[in-house]
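Novice: Mind assembling these two chains? They're in different frames, but the hints should get you there.
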Amino acid sequence: MTTRLQGTHLELAYDRRIVSEDLSIAIPDGSFTVIVGPNACGKSTALRALARMLKPRQGSVLLDGQAISSRPAKEVARKLGLLPQSSVVPDGITVRDLVGRGRFPHQGLLRQWSASDESAVQLALESAHVEELADRFVDELSGGQRQRVWLAMVLAQETELLLLDEPTTYLDISHQVEVLDLCADLHEHHGRTLVAVLHDLNQAARYATHLIAMKDGRIVAEGNPADIVDAALIQEVYGLECLVIPDPLTGTPLVVPHARRTR
Amino acid sequence: MSTPSITATPGVAAGRAIPRVAVVWTGLIVLSLVVAVLSIGTGEYPIAPVDVIRTLLGEGTQANAFIVETLRLPRVVCALLVGGALGLAGAVFQTLTRNPLGSPDVIGFTWGAAAFAVLQIAVLGGGAFAVSGSAIVGGVVTALAVYGLALGGTGVHNGARMILIGIGVSSLLAAVTTFIVARADLGAAQAARIWLTGSLNGRGWEFAVPLLVSLAILIPALVLLSRSLRMLELGDDAATGLGVRIPLVRPLLILVAVAMSGVATAAAGPIPFVALAAPQLARRLTRATGPGLIAAGLMGALLLSASDLLAQRLLPSTGLPVGVMTGALGGAYLIWLLHHEWRHQR
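Line order of the protein sequences matches chains A and B.
Take the first sequence: its position 147, counting from 1, is numbered 147 in the numbering used here, and each next residue is one higher.
Just so we're on the same page, the numbering used here is the position in the second sequence counted from 1, plus 263.
If we strip away everything but chain B, and leave its shape as in the complex, we get (with noise of 0.2 angstroms):
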């Protein structure tokens, strides 16, 4: 970190070419489609990663086409999606709470889209859609009340109270969605319960369209807001002086942020630490400053599409879900990072 004046400068604010993030930036796309091609071979029926490329072509067989188009690629499309979302809303809020725990399922939003959907697949016996609007609906309601709780009068923003309000509204919501489900009869609670762990399994174009749509509004208003964010990183008060229009830009990225894993939610349900782990991996890997939105995202990206190879590799008949092995990768290195940041200060 701390390596003297010859390093290479991350040029961003000299408009140089910056080789290590695009370096970054490519290995990423590159391992993601490796990964895709090897899931969309990867089941009870497998295809050689020649056979796909070639049916993605649109020169396979009917049968492979199918199983591909049909079948396989829109489970990888949601991996892909959900995974590039929930790290981007990860980045957004680690940057604005200045706080490597802020991400959404720490802060709570996760808990609250969760609570939500439950309540609908418990309660309210909804269909698939009813349960992917819940969740969403969950999520806003939840940031909302966080926001409005972490102000708390004072009208200022502080990203340690934001993370500590939302550890608790997330217990809060956790013992809610536990009673709910313990309430519930067998079915209704097995289904909730698999829910909750957050699984890819079966999802058919019928989520990936939707998760398409709202991203294509999204990450277009992101980037709008990508380079105000940046100056947020120097605090409230330099933010302002560079011209930031903080009372509007502040919640229009919270919004956004919310919005991008509320829907990841209501698709893939609620995944563990990819929103947390990835925007951190990535800054890692581009030892770049700045929220880093790209990496980040195609970081989430692999991480999870990734993680969903493994869960069906490894326990190809069970339908591991996804969820449970984001959980297991996520708190390892969230030990792993705690460890090197206490060493690191010493």
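Here chain A stands alone, though its shape is the one from the complex (with noise of 0.2 angstroms):
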């Protein structure tokens, strides 16, 4: 397995809260990778570590096997996107004009916008599937088509590495799925990297080329999830029994919670 992007021997905290001692993570190049686990398990603490938005304590993060706090912060943006968990919509912005912003690494002082940002922004429109929303205001669109923004102005960026922090949450079901099937879709027609943070574990099994479960700051299983998925993980990462079945459209592996009470 190769891989362009890992930490080794992280240790990773928020001021006085450890989360991770000593967590090694590397991401298969080619891949779609989701991480997931219960609350507070650290996998979007990992995320931000590797996405140079949290400074390790200790251990580093390579990417293209250099610590990714020694290069230069653009150099490190032309090849790794982030969409986070939060950003800001500023007032009054189109969709063409936030997926614009995408192309700030690829530009100085003395380059300035040209005919590559053009076709980029064009590209990324067509994409994520907001070609048609392009001169419409951001504020005035839905959830799932402001997180297909962001993804948009992420492409722009025109890295090979993308990572998304929780990049369903706040979506309904629907929305949910248009996210995740447009990610599959720069996972196998872009050849991007993908790492994602999820919360659902069906979905993860779903979309994910492989898996990694954390608990308590710490990998527990990775893998592919039809590999790694069964009763006896989701015991130990989640403390719920469960089924774990084939899920009847994809056969991937679909957890069933046991619930203390039956109607």
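No wet-lab data here; the hints were simulated from the structure.
No residue lacks a Cβ here, since even glycine has one placed at the ideal position from N, Cα and C.
FRET-style restraints, in silico, Cβ to Cβ:
{"id": "1", "chain 1": "B", "residue 1": "Ile482", "chain 2": "A", "residue 2": "Ala40", "range": "44 to 54 angstroms"}
{"id": "2", "chain 1": "A", "residue 1": "Ile18", "chain 2": "B", "residue 2": "Val404", "range": "30 to 40 angstroms"}
{"id": "3", "chain 1": "B", "residue 1": "Val486", "chain 2": "A", "residue 2": "Asp200", "range": "42 to 52 angstroms"}
{"id": "4", "chain 1": "A", "residue 1": "Asp15", "chain 2": "B", "residue 2": "Gly431", "range": "20 to 30 angstroms"}
{"id": "5", "chain 1": "A", "residue 1": "Tyr170", "chain 2": "B", "residue 2": "Val486", "range": "30 to 40 angstroms"}
{"id": "6", "chain 1": "B", "residue 1": "His602", "chain 2": "A", "residue 2": "Val177", "range": "39 to 49 angstroms"}
{"id": "7", "chain 1": "B", "residue 1": "Val404", "chain 2": "A", "residue 2": "Glu236", "range": "53 to 63 angstroms"}
{"id": "8", "chain 1": "A", "residue 1": "Gly191", "chain 2": "B", "residue 2": "Leu475", "range": "49 to 59 angstroms"}
{"id": "9", "chain 1": "A", "residue 1": "Pro257", "chain 2": "B", "residue 2": "Ser434", "range": "50 to 60 angstroms"}
{"id": "10", "chain 1": "A", "residue 1": "Arg16", "chain 2": "B", "residue 2": "Gln453", "range": "52 to 62 angstroms"}
Specialist: Take a look at the structure:
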């Protein structure tokens, strides 16, 4: 397995609260990696460290073999894109303008807007299926449309690696599927490596080519979902009794929790 | 605001010509020049606008040349530069705090400058330059304190916290200032009170030149930082993802904006509301997204020079300080803004 992005022996902490003591995590190239785990297991923290949003106290994050913190910020941003959990939509911004901001790492004082920026934005709008929204104001879009617009902004960055921090949170189920289908599309047809933090185990098992299950700041299991997801793993990670059956549509593992009460 | 898709795109991203913004810029420049000419013509010895222009071009009478170039031009230059600096500083802070109240006069830097300046006037008895220097030092010290307290050991920047702490620090400094003025002897107290209102009366080249020099350094610095500022609008996480070095860029932006409001305050005293109102008014005119630095600066220059002209025209003999005028206009504007936004939200 080759990997362009990995963290070795990371100690991750907010202020005095230590989230991970010794976390090593590698993202297989060309994979759609999904990180799952119970609340506060450190999955978003791990992603933030990989995205250089959180500085590890110990250990280092390597991108193409070099410490990510030692490289110029814009150079990193041309290789690694990030869809954060919370972003601010500036007042009265149009979709095209917002997506255009994704070109920042490719521009400089002397290299302002160019034809390649224009075509990258156009391609990003098309890839994220928001082309017909291009001239609309972002604040009048639905949650699902908005998330696709943010994805388009990250796509305009033209990075081979994409990190997505809970891209489906706050979306209803049809918009969740819409966003995840788009991610799968980006992975399959555009050859990008994706890393996403997801809450829904069944969605994770369905879309991931590489699943990382975390608990208490460490990795419990990782690999192809079909190989690692079983009742024992769910018991260990979530403390939940369940039945794991093949998803009737995709054949991927489907977690059916035991309820304490049945009707 | 929410007109559907057919409206013209603000084509910053698309790299097309931006007619509306350009029209606003041009309009503001033209209006500022008109105000400047009228202002130079105003005073105990009125000069017709034609003669003002002729004199500025070096073709006027000797008497006019003295009045224009030595007495009145520096005041107008001060008004334009101070207003421009306040407009820019306001736009930077409003973008950084993501809040229309995030201007240097609300956050407390202006009061910091005022407290130090009054201390210099009333207690130490320094001259005009000592007062200016004290004002700049006071602004920077207050900015450091507010920024440090707002980070509060968490290392997390929060615009709303910065504003609230700034308001607290402001009232503390206002109390200190009042105390100093109350304890000072009559003459010093009078001088301090005039300074505190914010005035352009009697500002000659000795005020205009330092302003020109400092802005000649600060404005290019702001230009270098402006693209990162635009990205900071999207939130810290998104900006970091796009390659903005926030730990470096944000303190630098604060430093430049504080220095701008500092030199402005040093030259004219704590002029209220220009920094608050100029970026908001400019944004409503341009309808563009982004910090809108250029429009905010031009709007600030126009607001202050127009206020100064009005102050001189309305009550010619009193030397009404321009701060009274911007205070009155700004207060009315703020009420309108709040009223408008509340109605808009419902």
